[in-house]
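Sequence order for the protein chains is A and B. Using the working numbering, count along the first sequence one by one with no gaps and you end on 467. Using the working numbering, count along the second sequence one by one with no gaps and you end on 467.
Don't take each hint at face value.
The calculated DSS-like cross-link candidates involving lysine-lysine, where the alpha carbons are at most 30 Å apart (straight line), are [to be verified]:
#1 140(B) with 315(A)
#2 257(A) with 140(B)
#3 363(A) with 140(B)
Hints in this document: simulated from the structure, not taken from any laboratory. Here the structure is a predicted model, which means the values were calculated and not measured.
Protein chains: 2
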Amino acid sequence: MSKLVSSLTEAIQKCGLKDHMTISFHHHLRNGDYVLNKVLDAISELGIKDLTVNASSIFDIHEPILKHIKSGVVTGLEVDYMGQTVGEAISHGALAKPVVFRTHGGRPAAIESGRTPIDVAFVAASQSDEMGNCTGKYGKSACGALGYAMSDARCAAKTVVVTDDLEPYPLQGFSIPETDVDYVVAIDAIGNPAGIVSGTTKITRDPVGLKMADMAIQVIQASGLLKDGFSFQTGAGGASLAAAVFLKDLMLEKKIKGSFVMGGITGYLVDLLESGCFRNIMDVQCFDMKAVESLAHDPRHMEVSASHYASPTAKSSIADQLDVVILGATQVDTNFNVNVHTNSRGIIMGGSGGHTDIAAGAKLSMIVAPLSRARMSLVVDRVQTISTPGSTVDVVLTQRGIAVNPRREDLQVQLKKAGLPVVSIETLKKTAEEINGIPEPLALGSRIVAEVEGRDGKLLDHIYEVL
Amino acid sequence: MSKLVSSLTEAIQKCGLKDHMTISFHHHLRNGDYVLNKVLDAISELGIKDLTVNASSIFDIHEPILKHIKSGVVTGLEVDYMGQTVGEAISHGALAKPVVFRTHGGRPAAIESGRTPIDVAFVAASQSDEMGNCTGKYGKSACGALGYAMSDARCAAKTVVVTDDLEPYPLQGFSIPETDVDYVVAIDAIGNPAGIVSGTTKITRDPVGLKMADMAIQVIQASGLLKDGFSFQTGAGGASLAAAVFLKDLMLEKKIKGSFVMGGITGYLVDLLESGCFRNIMDVQCFDMKAVESLAHDPRHMEVSASHYASPTAKSSIADQLDVVILGATQVDTNFNVNVHTNSRGIIMGGSGGHTDIAAGAKLSMIVAPLSRARMSLVVDRVQTISTPGSTVDVVLTQRGIAVNPRREDLQVQLKKAGLPVVSIETLKKTAEEINGIPEPLALGSRIVAEVEGRDGKLLDHIYEVL
Chain A
1 MSKLVSSLTE AIQKCGLKDH MTISFHHHLR NGDYVLNKVL DAISELGIKD LTVNASSIFD
61 IHEPILKHIK SGVVTGLEVD YMGQTVGEAI SHGALAKPVV FRTHGGRPAA IESGRTPIDV
121 AFVAASQSDE MGNCTGKYGK SACGALGYAM SDARCAAKTV VVTDDLEPYP LQGFSIPETD
181 VDYVVAIDAI GNPAGIVSGT TKITRDPVGL KMADMAIQVI QASGLLKDGF SFQTGAGGAS
241 LAAAVFLKDL MLEKKIKGSF VMGGITGYLV DLLESGCFRN IMDVQCFDMK AVESLAHDPR
301 HMEVSASHYA SPTAKSSIAD QLDVVILGAT QVDTNFNVNV HTNSRGIIMG GSGGHTDIAA
361 GAKLSMIVAP LSRARMSLVV DRVQTISTPG STVDVVLTQR GIAVNPRRED LQVQLKKAGL
421 PVVSIETLKK TAEEINGIPE PLALGSRIVA EVEGRDGKLL DHIYEVL
Chain B
1 MSKLVSSLTE AIQKCGLKDH MTISFHHHLR NGDYVLNKVL DAISELGIKD LTVNASSIFD
61 IHEPILKHIK SGVVTGLEVD YMGQTVGEAI SHGALAKPVV FRTHGGRPAA IESGRTPIDV
121 AFVAASQSDE MGNCTGKYGK SACGALGYAM SDARCAAKTV VVTDDLEPYP LQGFSIPETD
181 VDYVVAIDAI GNPAGIVSGT TKITRDPVGL KMADMAIQVI QASGLLKDGF SFQTGAGGAS
241 LAAAVFLKDL MLEKKIKGSF VMGGITGYLV DLLESGCFRN IMDVQCFDMK AVESLAHDPR
301 HMEVSASHYA SPTAKSSIAD QLDVVILGAT QVDTNFNVNV HTNSRGIIMG GSGGHTDIAA
361 GAKLSMIVAP LSRARMSLVV DRVQTISTPG STVDVVLTQR GIAVNPRRED LQVQLKKAGL
421 PVVSIETLKK TAEEINGIPE PLALGSRIVA EVEGRDGKLL DHIYEVL
């Protein structure tokens, strides 16, 4: 008995996919993913309609989903993140039903609890055997960790592994076991390696970015958290990566041995491991080939599920063990709420991902962002979209000053004592407005195009149509 | 937040354990396990009664369970295997309710389906961090794989990790993630390393055993299954291990590259890996320190869950991928049914373990056993207890001849063609009776002391009280 079927079409048919069902995808192949588009094409050809797509993220490469939305194949969309290409269409009302945004931790929680059942999960794996033991660690389309696919594979009624490297049974180093898999399809290519590695994973050279990275390291030092056992997560933006590099120098100088870095993993974080600054890497998703290589060969570098990473309903998760996280923002408001969903025009161009989860979990959650971008102020009265509630944000750091959430008076005292330029969030807003002027309120439509859930699954905000 | 509590008693109380509930244990510490006894002592002191113990196996070291049965702390017992010390008491009626025997694959299937819910699972782990990421691979009480504990940890309402080596978070190489764990207890010793290594894992020196091992290898060769990609499982009995050694020589000579060995893993199977005969080891439980060392350091040697090993309700399992399995027996009958539960007096001294699962799954399931033991015939009209149904057994091999199940006429032809001493099962029975005489029927009581479930969870046989 083998689970190998000849085509995506055959797999879809054998799974019994029907109108009104929910299918799921994960985003480890990022902007190089071919699988979501190929599956939707096959479904469309079969004449199946009115599906909900539950995808951990949607990237620009997934633009063809718009054609399937138009034709009624896809009528529901649930994501943790959405790139601007599809986001712009959604913001202009392409989908009748509001998109549901979740967090990287809230998504597996919703799947595992049965709140968001999946009929058929599609797992893009760079290696699989014909019984479905599979991984993303090896093969020509290696993408590293498959953390976001694990709950889907386990909980879906049917699970299909799609691979471009079929290996003999049993697959060494499987990340998802055959016990969760119904069918295996081998295709020519699951993705474009050039797109699997995101373009955002380069350190900044911008002086403002470097200045902020330096200030961020000073904040960490002043917080008293930087000691043996320290744990850390940072995003893949340029300033965040620069902070990781500066952190390495400081930890080596001070001979501090951290416990773990978590992430989306880049080569910069692998450097932190290999230089001895940290004992382990916990990895739910790799951002570049150095991270993939490290995960494949270094036992200190561990693959974890999205649930293990950040689920609020797991018996515990890594997010809650983090000391310091450095996060980005498109907007912050005077209540420290953060927007990473919409841009200055109100267009969807992102999503919480793990932002909301680790802000809630970490001892020190720090937003690092320039005070202005394209003449728009970072700090406003009310963010356009609440992605991460201000109650979970400790520090907003800009090149023009550092605002500390008033509920963290302890931290404010520490940063001031260290001579850091602490200002109120209102002062940051004022400074930004002096530079950019007071922004005109956006004139949006009244129709809701997306709902943003907090990590607990409760409604946090709405996103409105852009006219 | 830490899950560390100060004692087993505190963990039990925090779990809310109450009368009539079910607790579970796994048997990777084998006859060196301290955890089951310590937990039952603590429960007894708390005055909690009428519990069901669902343990993957009960060994002689667990004799103190009898005192807890007597006092009413334990009133139900569900196992895959039971050693003779407790077995003798059960056979004499120590427990009012029949013991339920399952297979190693049937047990996780019953747990995962919700048919046998567990209120509190106790996981004995040789290393854990204080959030419950834990393993059996490292530490002073290392026992290797924790395959039998995985479904328990995941599905139990509450899970307690008991360790004697608390390591900093996050534990490298965790086998069970913190997402499944509620509390962690550190105690002085979870087991006696001398008992963790079973006494059965030595190759036989008995000429009869060696002869049978040699014949077994000839059967494998004649079957046509011994070719590149070959997969194999054998028990830890002396003749089975001798067969593994002979197999190695043959595979090296013929330059055959097998795919995987499965098991209960011994150093003899590690030799098969390291000599290049097989590409991988799939390991649900280690039998000796060489296996533990290999699992800890060789990525070709993979830890798998009991479900992955053998669950009949998983989407697939390794058991169904096996080519050849060598199994033991205390009795075989003329319908090829096998007894591994009861001895010549009808006393419980074993259980199916994985026997029934892999007999069902393998292409060639071969019973290897001497025709007489202590003047008792191996082959009888009807086995005292059906552990493994004859419909799943292909060959019964003794030093006096080889019987092939009539439903495998193809195999019979192959073995005869190879010049092997093929005889009917009735002939084997007659030969045995000529040596030992016809056995007197056992005079057993009418009370049922145990029920034997097949791997599908359906009743296969009863075990009656010994008077």
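- Assess, step by step, whether the Cα of residue 257(A) is no farther than 30 Å from the Cα of residue 140(B), and give holds or violated. holds, 25 Å
- Under the criterion that the straight-line Cα-Cα distance not exceed 30 Å, is the pair residue 363(A), residue 140(B) satisfied? With Cα atoms ~34 Å apart, residue 363(A) and residue 140(B) exceed 30 Å; violated.
- Item | Holds or violated: residue 140(B) to residue 315(A), with C-alpha atoms at most 30 Å apart | holds, 27 Å
Hint compliance for this structure: hint 3 alone is broken.
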